[in-house]
Amino acid sequence: MSVSGSRAVIHYLNQFFAGLGGEEQAGQRPRWLDGPRGPGQLLERIAPDIEVIATIAGGDNYMAENLAEAADAVVALIEQHLGSDRAGRPALLLAGPAFNAGRYGMACAAVCRAVEERLGMIAVTAMYPENPAVENFRRDVTILRAGENVLGMEDALRGMARIGKKRLAREPVDPSVDGTITRGVRQNYFAPASGALRAIDMLMCKLAGEAFVTEYALPVFDRVPPAPAVADMRHATIALVTSGGIVPRGNPDRIESASASKCGAYSIKGLDRLTPESHQSVHGGYDPTYANADPNRVLPLDALRALEKAGRIGHLHDTYYATVGNATSVRRAVRFGEEIAAELVNVGVQAVVFTST
Amino acid sequence: VQKTLTFERYRVRGVKLGGRTELADGVLTLDGHGLERELMANEPRIERVVVQTAVPGESTRIVCTKDVIEPRAKPGGAEPGQGVSRVLDGAAVVTCGPIVGFQEGVIDMSGRGADYTPFSKLNLIVIEATPAPGVAPHEHEEAVRRLGLEAAKTIAERAARGAPDSADAIRWEDNPVDARLPRIAYVDMLLSQGLLHDTYVAGRNARDALPATFDPRAIVDGAFVSGNCVSACDKTTTYHHQKNPIITELLGGHGSRWQLVGVVATNIPTRLGEKQRSAEKAIELTKSLRPDGVIVSKEGFGNPDADLMMIVRGLEAAGIKTVAITDEFAGPDGGSQSLADTTPEADALISVGNANERIELGPMAKVIGPLPDVARLAGGYAASLHEDGRLSLELQAIVGSTNQLGFGYLSCREV
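Protein sequences appear in the order of chains A and B. Residues 1 to 357 in the working numbering are what the first sequence lists, from first letter to last. Residues 1 to 415 in the working numbering are what the second sequence lists, from first letter to last.
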């Protein structure tokens, strides 16, 4: 076995795929296991130029909750087993595939980034494009587009091996050919035709109604025209909605502090104001000290109740909606918005006070 | 009266300094000292002129390049777009010298940098001009502009003689076309923002003269002259105007693949109100040509992005399909938004590259022009100059690297 040979790779897996156990083992720190495990064995069978010399297995919870520390531990494991000399280590690490598993995805991506930055290795992972790790790591990590679940295992392993080899050979990775998730970074290249010819070809396609791909997709901002003013606020039902992360204490729906995957609906019936005991901020994008000391600062229940008592508004809706805007994708935010709006319209709410942070 | 334009091309395969200016067996010989004296004689604003040559593949770097011009002569003296033009094909005059406006560029004749500029493939006559003390920058610009044009004309008049290697009649209005072919127009945006940032059209400043429709043949026959001291990557040099690839290609397919219905040249002013008025007029002129589709090219970056978006929006609103050519300023890491403005109608863009990409150029045996000024170029920075002769630059500082007429092959994609 040649540790530093061009076939040698290190494979990162979670505790489940490494065969160490299920959720009860999710707290495990990363461990070094010689040779391939689970998907690594399949990888060796379908990619003949790959030899998995070691598997590093980490528990989903431990990894996701201690990303920085866990990545340190993986780097330390590699140095401890293979030495600090780059020549004595494989040049390639493959992680996952993590499919749509959020914690596993975060771990795979964090491990990839750490070994690239700190050990000079090339690392490739694979996951479903909507895995929350994609948004956090796409800029720094080569991520192959994978299926949502284990049905996509073989394709993902094959693709990771191919892209890893390509990057080892210093060949550029092109998302449109290689199936990687775009890093969101612009990279120059020499096209086979001049810009003028490409422009004319694109125009002829556009005129003929044929498909063409713009070479730069401009960011499109969704400008929503403001709704007309509410004519009679004194009889209107008003609702509170926030992306500022104010949730009942304990965060019953476990809304994430960044890249939120859900929003919550919570009763404020009978409550005059929020208190540090009743509510908290779970938003990871600002210092929550002042929001936790007085959650009304972000979700102004106290002010709305005052307006309600004074007869300035008809009625405050009994349920408020909350999510975390921090790093949450526009696509998801649009979905939350549509769902919340549908419910509010359904129960006759006429206007919303929406607070962001 | 039908106009005809004929390009008589004289192929230049090499250039050298020698006793008498002539073209023999494809080699252009230049009386460098004679040319220096002639150019100096009529230009008191220039204190010193040095004529040198640079050829493809040689270890030469030209710094602080101001303009590039294809040497051409019009022996019959007709207006641009008509008559016979004699062309020294494969040669170009390059003006350089102490920096005029911070934004002159680099041409490398070999190595990595040569891939990014079209001028590394040409036989170059380099006119290095030093201004007299006390000459104001705008006078300096005008003097060097005139010097370059004069040199290009003089050289072509003396060297392009006898039978040409080839002759092309450039046909347009007199070319019978199938009315069923798609009608294509071209909108040529010219930077025109004040002293050191102007383009001249048929002898007038583009600020005053545009928007206007043009015979495409006039543009490729010298009607447009660059007076721009803007970033080297995407300034449209006089050479680019003379060889405008969009016009050349559209004329090439005129009558067989499409009908080229006309060209609108428009300016790119500085103030929003002027931008809106210019864009509106350019859109109206373009609509009057009744095109099905339009190609829009840009010069410069930043505020010109707003003019481009206005024009695309207006044309698309009129039901005219548009494709626009632009470069990108996405930051050295490629992670920033590339343009200063956006509109949903601009759904068909050609990218000619991210001008912020950094590149390291190896040392060259010979450097023409004032090397220390490189650190002051747009696209250069304090650490650009290395002691061993290496240069670290953004592509922005390389002449023609992201030309927005689509002259080059560079593009950019998301990875």
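Warning: the hint list may mix true and false statements.
Where chain A lies over chain B, by a calculated footprint (3+ residues, C-beta under 8 Å) [as the list claims (entries may be wrong)]:
id, stretch
1, 38-49
2, 334-344
3, 347-359
Read the hints as simulated data drawn from the structure, not as lab findings. Here a beta-carbon is modelled for each residue, glycine too, at the ideal position from N, C-alpha and C.
Open item on the list: To test your reading of the hints: which numbers does this structure violate?
Closed with: 1
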